[in-house]
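Undergrad: So the protein lines, in turn, are chains A and B.
Just so we're aligned: the first sequence equals residues 1 to 369 in UniProt numbering.
Just so we're aligned: the second sequence equals residues 1 to 534 in UniProt numbering.
Possibly wrong hints are sitting among the right ones.
[As the list claims (entries may be wrong)] Some chain B residues close to chain A (C-beta under 10 Å, calculated; not the full set): (1) S434; (2) L435; (3) P436; (4) E437; (5) A438; (6) A439; (7) R440; (8) L442; (9) S446; (10) V453; (11) P456.
These aren't lab readings, by the way, just hints derived from the structure by calculation.
Keep in mind it's a predicted model, so treat the numbers as computed, not measured.
C-beta: ideal position from N, C-alpha, C; glycine also.
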Amino acid sequence: MRNGRADAESDVVLELDGLKKSYGSEEVIHDLSLSVREGEILTLLGPSGCGKTTTLRLLAGLERPDGGDVRLNGRTVSGASFVPPEERGVGVVFQEFALFPHLTARENIAFGLVDLSEEERERRVDDLLELVDLSGQGESYPDELSGGQQQRVALARSLAPEPDILLLDEPFSNLDVDLRVQMREEVRRILKEAGVTAISVTHDQEEALSISDRVAVMNDGDLEQAGDPENVFQHPESRFVAGFLGYASFIPGHVAGDCVETDLGCVPREQIHGLAPEYDQTRIDVLVRPDDVSVRACGPDEEPSGRVTARRYLGPTFLYEVELETGEPVQCMHNHDEDVPDSGPVVVEIEAGHELAWFPREQRPEDEK
Amino acid sequence: MATEQRTTTDDGPDESSDAPLGLTLASGAVAAAVVLPVLWLVKTSLDVGLTEALSLLARPTTLEVFVNSTVLVAVTTAACVALGVPLAYLTVRTDLPFHRFWTVAVSLPLVIPSYIGAFAFVSAFGPQGDFQRLLAPLGVERIPEIYGLQGAVLVLTLYTYPYVYITARASLKSMDTTLIDAARTLEHSRWDAFKRVTLPQIRPAVAAGALLASLYALSDFGTPSIMRYDVFTRVIYVEFGAFGRDTATLLSLQLVGVTFVILWLESKIRGNERTSAGGRSRDVVPLGAWKLPAMAFCASVAGLALVVPLAILVTWLGAGNASVNQSLAFQWEYVFNSVSVSTAAALVAIVAGLPVAYLSARHSTRLSPLFERATYVGYAVPGVVLGLALVFFGSSVGAPIYPSLYLLVFAYVIRFLPQAVGSLRASFLRVDPSLPEAARTLGRTSVGAFRHVTLPLVAPGLFGGAALVFLTTMKELPATLLLRPSGFKTLVTHIWTAHASGYFGQAAIPALVLLFVSGLSMLVIITQEGYDVK
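One chain only, chain A, in its complex shape:
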């Protein structure tokens, strides 16, 4: 499912076409186009203030776009033919869950099931309580439920009317760290079991990479890149995406024949992903992740390539901050039991078992050129 259906036009359930939204004089969304395929879990990922929650609200019909179209199942629901949220068939799980405090869990879940008979409604609520593993908590009020239970109720409530699309706004930000990891798996299971198309919004890259079939990275009201998680992580199309998804260091290099010459020695040309011939004799930056680089103590006869400036303990691993001789910073990961000097001159080596991404030097932000 993750990559397969990319080209099947008919499977597109939601299409955003040149979407624009401003608040006052500030344009929050510039020109956003994106399509979502049936049954997939897509995550809009970006730093806070990048417009991702606004995008969600535009999809739900809680806000109206200032330009562009939103199409649900091929039908335009924005602009002159605006469809209000209650008629869109779009479910929303709100950031703080927005459970109705005056209703029990059952009543919350049944809230959207107005068209069913009493009996059908009860049956559907039972099914949903079972789906979210809360069969015993139906009569509890929201304030009697834990954070994780509240989230399950919110999920069940939004799934109850069988929406075409489910929107999740920062669904895990309200949970404790431990619970967050557990609920990610749980929510993915529930969504897949319900077979619903879901769009989630988050600023947490780990969450995005772990629950989604596809991620769309947003920055400052624009879509930077969309694709399956591995691809976006390994082949970022912009420095922003590279930097936002995990730690990223950029090693300056010069393309010379079969070799990209860097301060860390020659990187074989075939290890650089898609480096076209026209970039011969140009300067590029090679993207390395902390696990692509290793650091070791400088031998007596060796020329050091940098020095360790800081060491951060991340639990099972250490992250080393190394300053190369040229002044470029590089981050490097080692297991906690490996013997690596925590300061002073070191030798840095690239040890990647996969192709590395790169960017032309000219793309660097002005102050770093």
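We have chain A already, so just place chain B on it with the hints.
TA: Just chain B now, with coordinates in the frame of chain A:
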């Protein structure tokens, strides 16, 4: 899932981010209705004519009224601060024994309408009053005169100092006491620390309380009337009764002007609000040998304000209907009338307050704060002025508006709408905006979401606001006197008639009923705001 595929093709305004047109119009209509009487008053005054107006304003009595009012307000406010701040400090910061009891006891005078207090004080301390009769065997022939400025100040202070007390107490309680510890370690004595740290911190709160006290003193009609002290409210009423319509109008405008001066003064005094809250170090000031005098102080204030009127009322009740003037006998009809108009006022105030409160809580348009602010006109305009303005308005419109109960209820609504709006607005603000949005995404229309989600959640605030309007309407005096149709008697008008005709004893039952009602309204406020006594 929503299966109905209707799309809204109407070109109405954006319903999610901008305020719906209907709501804005409804709020605007309420705001306009509230401002109408004041505008009408201005219009009426323009009819007076310039030379006439100038000669009226230049009369010595006009100047006297202005001076009297200013003196009354200034002295009363000063006295309120002088009573309220020390009482607050004693009950919050010191080791005063039974401080919870004293907190309740010194807050309670707020429950007693000042005109009932004034009534009781005149009866107790007036010439040939109960107090003098009590002292007569001891050879006391005369006690100091109660009528006039001193009596008005005494009564107004005793029943309005709680405004200062309550605000000062709240800010003392929330004040970061480590600031005082810091000052002490920087070699300040307790007194110096109080002056340089505590006082600047509680000043905004004291100013707010003093504002309430001074506005009350300025607008109060009952107390100065009973104390026969010529201030704006009394003279306006008297002039109106004596067909001095022009004078009454001009004095009313002057009174409104003085009100705005006070509001402006308060905003000046408040200054930059740089206060800090938090810090739970329980720094208690030991009273030592001052414990007894401190308790005596609390006891004398609370005793004077509470025991005197209660004792007098009970005495009257006990004296029975010895000298009954049958036309003044208490009738249950008065209670029924009071309750009916108050219920009507509460209902209308809630209905009128809903759109204003909802708009200002949910939609930040340029108009919504304006509308909300406009509804507070009723708080700023004294009841006697409002009553007068509506009499002018009503008489120019004529039947069936004037004289009628509609106009009376309208006056109540204008006067107490802020209570409804304040209570409703606070409730709307407490409802998470994503809740109605969630209801929308679950297939409810905006109206459905409001009915099934927002309304049940604001119900307590709605009832609280209605109860407050009901209870304060029960006590309202000047507008009731001016606007009631002849023959329509309520508890309040009955008390007033009994006072005017000298049959004090007839006022006992209605006055006790009103005390009970006032007590209830305090209870509503306390439960709504979680006023803790600890």
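Undergrad: Any hints this thing doesn't respect? Which numbers, in order?
TA: none
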